[in-house]
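*Asks:* Here is how the chains run, residue by residue.
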Amino acid sequence: MHEMSIAENVLQIIEDTARAEGYTRVKAVWLEIGQLAGVEKESLRFCFDVVTRDSVAQDARLEIIETAGQGWCMECACNVAVTARYEPCPSCGSLQIQVTGGEEMRVKELEVE
Amino acid sequence: MMCTTCGCGIGQTLIAGHALQKPRKAGEALRFRVHNESATHAHPHDHTHAYNTIDFGAGPAGTHAPGMSQARMVKIERDILSKNNGYADENRRYFSGHGIFALNLVSSPGSGKTTLLVKTITALNGAQSLAVIEGDQQTDNDAARIRAAGAPALQINTGKGCHLDAHMVGQAMQRLGLRDDSLLLIENVGNLVCPASFDLGEAHKVVIFSVTEGEDKPLKYPDMFRAAGLMLLNKCDLLPHLDFDADLAVENARRVNPNIRVIRVSATSGEGLAEWLEWIKAGCHDAVAAKQ
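Residue numbers (my numbering), protein chains in the order written: chain Y, 1 to 113; chain C, 1 to 292.
Just so you know, the hints here were simulated from the structure itself, not pulled from any lab data.
Treat the hints with caution; some may be incorrect.
Stretches of chain C that chain Y covers, calculated by requiring three or more beta carbons in the stretch to come under 8 Å of a beta carbon on chain Y [said to hold, decoys possible]:
hint	stretch
1	71-79
2	144-157
3	167-179
4	184-197
C-beta atoms are modelled at their ideal positions from N, C-alpha and C, and glycine is treated no differently.
Work out the full structure, taking the sequences as your base and the hints as a guide.
*Replies:* Okay, here's the thing in structure tokens:
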């Protein structure tokens with residue numbers, strides 16, 4: 001999707017927190033990225049390395065926690081796994097699925113010193 | 001808020017030819033200095049500063065456990081797009097407080113968005129107070145076309161950016177001076193990818209999909225079709241000349257988003273415009289009724 005601006009937004013959050021908490025170096029960053037968030041992980045890694053150059057997060061290790069896509073099938077009235085937006089329900093084949101999880105894009109945690 | 005694909009900064013965004021104001025916080029210079037004793041170390045304390053001392057309690061965590069370095073964990077739990085979403089919430093509050101029905105029109109380049117807008121404005125014929133925000137990388141051609149149709153329009157040039165964000169729209173709204181109980185049409189940059197993720201505070205995204213594109217476009221760009229409340233299938237006057245299966249196109253859109261409303265239109269022949277105008281009027285009516 002737009003990994004460069006996502007990486008830039010991540011850095012902004014890190015720098016805002018650095019100012020508030022007074023740390024000078026970030027060693028590792030944990031992101032939570034949903035399977036359905038439309039983010040290319042490898043592209044995000046590349047962009048993260050580029051935008052964090054000469055910042056508090058230079059050379060930080062990037063850990064991406066991928067959360068599974070989940071949905072509620074209206075027909076089955078139960079939770080089902082969703083791997084892509086237009087996939088039918090794995091048990092009944094219905095397309096009436098409300099996505100309930102897997103769209104997250106969050107900065108979860110930092111290891112700092 | 002920086003642009004997406006290319007990562008350009010706000011410096012290239014222009015609203016009606018003027019530079020975008022910097023976001024309140026994002027634009028501030030960020031400086032990080034390594035701890036400088038002489039300049040900043042004025043607080044009272046009792047630890048020593050000798051370099052040959054190892055003080056396990058002096059790290060940022062202020063404590064220590066056996067075998068642990070002074071590195072510490074900071075819980076953040078913040079949405080990556082939270083900044084944009086904050087601006088979008090501000091815009092949305094403004095809209096709901098003033099009875100404004102705002103639409104975010106998205107499509108690939110060349111789907112006929114601007115022509116459709118011009119026809120819409122002409123057809124409304126002054127019956128509905130409205131304004132238009134145009135987003136393009138360069139030129140104010142589109143805003144000029146809208147103004148020629150008789151509606152106030154403001155052009156946002158995103159420079160290298162590939163989408164509008166809520167901060168740009170918030171500033172454009174101030175410049176335009178929106179009227180109470182009006183319709184705001186925001187024509188996003190022609191791009192089916194990035195605008196899907198950037199909430200502008202609109203009531204609905206309206207995706208315009210023309211029959212000169214492929215029927216599988218909703219499957220290729222599911223995020224956008226998922227995010228949209230209404231799909232306008234445009235250029236339907238061309239269907240007799242094309243090998244395009246309109247029913248399949250609609251089916252594909254519903255596969256991605258079962259709740260999407262579809263109206264088949266042609267800006268050229270006027271087909272479907274009445275239904276589209278009815279939909280707009282109903283939205284405006286609801287926005288006024290729900291005014292807080």
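*Asks:* Three residues minimum, CB to CB under 8 Å: does the stretch 184-197 of chain C make the cut for coverage by chain Y? Let me know.
*Replies:* Holds, because 4 residues of the stretch 184-197 of chain C bring their Cβ atoms closer than 8 Å to Cβ atoms of chain Y.
*Asks:* If you count the residues of the stretch 71-79 of chain C with a beta-carbon closer than 8 Å to a beta-carbon of chain Y, do you get 3 or more?
*Replies:* Coverage by chain Y holds here, the residue count being 9 at a Cβ distance below 8 Å.
*Asks:* Can you take a look at whether the stretch 144-157 of chain C is actually covered by chain Y? Rule is 3+ residues, C-beta closer than 8 Å.
*Replies:* Not satisfied, violated; 0 residues make the cut.
*Asks:* How does the stretch 167-179 of chain C fare against chain Y when you require at least three residues with a CB closer than 8 Å, holds or violated?
*Replies:* violated (count 0)
The structure fails hints 2 and 3 (numbered hints given earlier, in ascending order).
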